[in-house]
Amino acid sequence: MAFYILAFFSVLGGVLMVTRRNPLSGAFALVLSLVSLAGLFAGLAAEFVFILQVLVYAGAIMVLIIFTIMLLNLNPIELYEAPVGRFHTVVLVVLCAIGLAAFIQVFSQLPSAVTAIGPDFGSIEGVGELMLTRYLYPFELVSVLLLVAIVGVVLLAKKVI
Amino acid sequence: MTDYLIITGKAVFIWAIALSFIPLLIWFERKGAAFIQDRAGPNRAAVAGIRLAGLVHNIADVIKLLLKELLVPPHVNRLYFMVAPLLGFTFILLAFAVIPWADVLEVAGRRISMQVADLNAGVLFVLAVTSLNVYGIVLAGWSSNNKFALLGGLRSTAQMISYEIPLGLGIAGVFMAFQSVQLNEIVRGQGELLWGFLPKWGLIVQPLGFVVFLAAAFAETNRNPFDLPEGESEIVAGYHVEYSGIRFALFYMGEYAGIVLSSAMITTLFFGGWQVPWLPTDALVAHAPTVLRVLLAAGGLGALVFALLMVVFSRRIRGAFGDLREYEGHVLGIFNIVVAAALLIMFIWSYSITLPEWGARVVAAVAQVSTFLLKLVFFCWLFIWVRWSLPRFRYDQLMRLGWKSMIPLAFVNLLATGLVLLLIDRG
Chain A
1 MAFYILAFFS VLGGVLMVTR RNPLSGAFAL VLSLVSLAGL FAGLAAEFVF
51 ILQVLVYAGA IMVLIIFTIM LLNLNPIELY EAPVGRFHTV VLVVLCAIGL
101 AAFIQVFSQL PSAVTAIGPD FGSIEGVGEL MLTRYLYPFE LVSVLLLVAI
151 VGVVLLAKKV I
Chain B
1001 MTDYLIITGK AVFIWAIALS FIPLLIWFER KGAAFIQDRA GPNRAAVAGI
1051 RLAGLVHNIA DVIKLLLKEL LVPPHVNRLY FMVAPLLGFT FILLAFAVIP
1101 WADVLEVAGR RISMQVADLN AGVLFVLAVT SLNVYGIVLA GWSSNNKFAL
1151 LGGLRSTAQM ISYEIPLGLG IAGVFMAFQS VQLNEIVRGQ GELLWGFLPK
1201 WGLIVQPLGF VVFLAAAFAE TNRNPFDLPE GESEIVAGYH VEYSGIRFAL
1251 FYMGEYAGIV LSSAMITTLF FGGWQVPWLP TDALVAHAPT VLRVLLAAGG
1301 LGALVFALLM VVFSRRIRGA FGDLREYEGH VLGIFNIVVA AALLIMFIWS
1351 YSITLPEWGA RVVAAVAQVS TFLLKLVFFC WLFIWVRWSL PRFRYDQLMR
1401 LGWKSMIPLA FVNLLATGLV LLLIDRG
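So the protein lines, in turn, are chains A and B.
The first sequence stops at residue 161 when you use the numbering used here, and every number in between is there.
The second sequence stops at residue 1427 when you use the numbering used here, and every number in between is there.
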């Protein structure tokens, strides 16, 4: 039951995010979607991912996005309708529906591998231990990559000024 | 069935405490400000002559705020304008769910943990939920469609993001020191003794982390010296400038609930939470009759002292008003004498009974809850003390402090903690 409610809200948030004209409404719809998704993670016993989803995506990244939108201060005139005809929209929706149906079909054919998860699954200790033992190199590489990205952004932004 | 009743009871208890702290804090704020500025503070509002030194003024406030018109200006975005105050208040209250108020209570073969939700993620849940709190302020600022409100919302967003990092890093040091993220585990770890005599409180093992966390917590609650989002001298009142009536009150209550939450976090992480200093739960249970007598005697003597003060008070105001207000001292004095007499009778009676096992545990839990509440009240008072003592930061100072002082300090703290832990590990 909780799954259907949360899934409904995450899909609703996604749809609203695409269809809202006002960028801030879109951003808030995305927040709704992300928080619902976090709830889905919690339902899957992935507690740490649930917390991170709320803390990082809904709590920090979306706040930054909203901050940027508010700073841009867009005029209503600038928010003209995207040049997509009605025909294109219909075709796109139909294609998406067919793709989704195919996707569900393929995934329901896959053999379901139900394995019992340990008590450590999804906990902070479990995730942390995996990150610092089995996935140490990818973890370090990603952090270096992020650092490079931050330095690069600062460099590019400074150059403009 | 019983489980549901217990959970509902815990939720009601914790929210009742959190909510009843709000009028208490507003009273603290007014009387504290008056005390620091050498004024009298609120002393007029009275119900049948009872003023309770201005505490009754809150009732008048609430009635005023409830009866005021809920003005919706024509230029606002209606939906967001109405949702914003609710968001600001809801997330703060949600975060109270993981605060432990006492040790796990074992009664009738049940282990009742004295927090609504004993999450594995513990502290991180508080961080996650309070990070959502900023949406209330942002939405209010943006939907008001007002330059001042927008500026307030922007300032708040920038401030929250900047100070969330030192807040999280400050807590990370505590995680390392106590090897857990569960709040109850952290509090239990603080019950140990360092070098045999010093309680191993977070303050003592993480002094730098405490400074960083305290400053960041002040910034997160938007309190002075970090109250730039409101900044009444520059941007009128910031994000809630367009709100009236109970919608404004929700922002106001959210601010005070935030103070209570921050104080609870400071107490839990750095000041031993529900730990009675030098008395772990086992000792409290073992010496439960003594603990009960100390609690009763302290309560009784406190009420007696208060009653004596009331005698002095009613002598002082005799003939000053000429109406019901002159009898306030008598009413409160008699009430306190009755309370004191009841407690002292119970104190004497406690010598003639033997506590059953569960009674001892309940007494221990009561002692722990009282300790927690005492610490909580002190830190709430600290918030008000600081507000009326320090001036507001300028915006560039705020950002410089956040990014160039607090974050490096938090990193230094993490490195030092890691080093010390490694040295202890090596022997």
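These aren't lab readings, by the way, just hints derived from the structure by calculation.
Just so you know, even glycine gets a beta-carbon here, dropped at the ideal spot from N, CA and C.
Honestly, I wouldn't trust all of these hints.
[Unchecked claim] The list that follows gives simulated cross-link-like pairs (lysine-lysine, DSBU-like), each with its CA atoms no further than 35 Å apart:
no.	chain 1	residue 1	chain 2	residue 2
1	B	K1068	A	K159
2	B	K1200	B	K1064
3	A	K158	B	K1068
4	B	K1200	B	K1147
[To be verified] Listed next, the stretches of chain A that the computed footprint assigns to chain B, with coverage defined by at least 3 CB atoms under 8 Å from CB atoms of chain B:
no.	stretch
5	44-51
6	54-66
Consistency of the hints with the structure:
no.: 1; hint: B/K1068 / A/K159; result: 54 Å, violated
no.: 2; hint: B/K1200 / B/K1064; result: 47 Å, violated
no.: 3; hint: A/K158 / B/K1068; result: 51 Å, violated
no.: 4; hint: B/K1200 / B/K1147; result: 49 Å, violated
no.: 5; hint: 44-51; result: holds (count 4)
no.: 6; hint: 54-66; result: holds (count 8)
When the structure is compared with the earlier hints, violations turn up for hints 1, 2, 3 and 4 and for no others.
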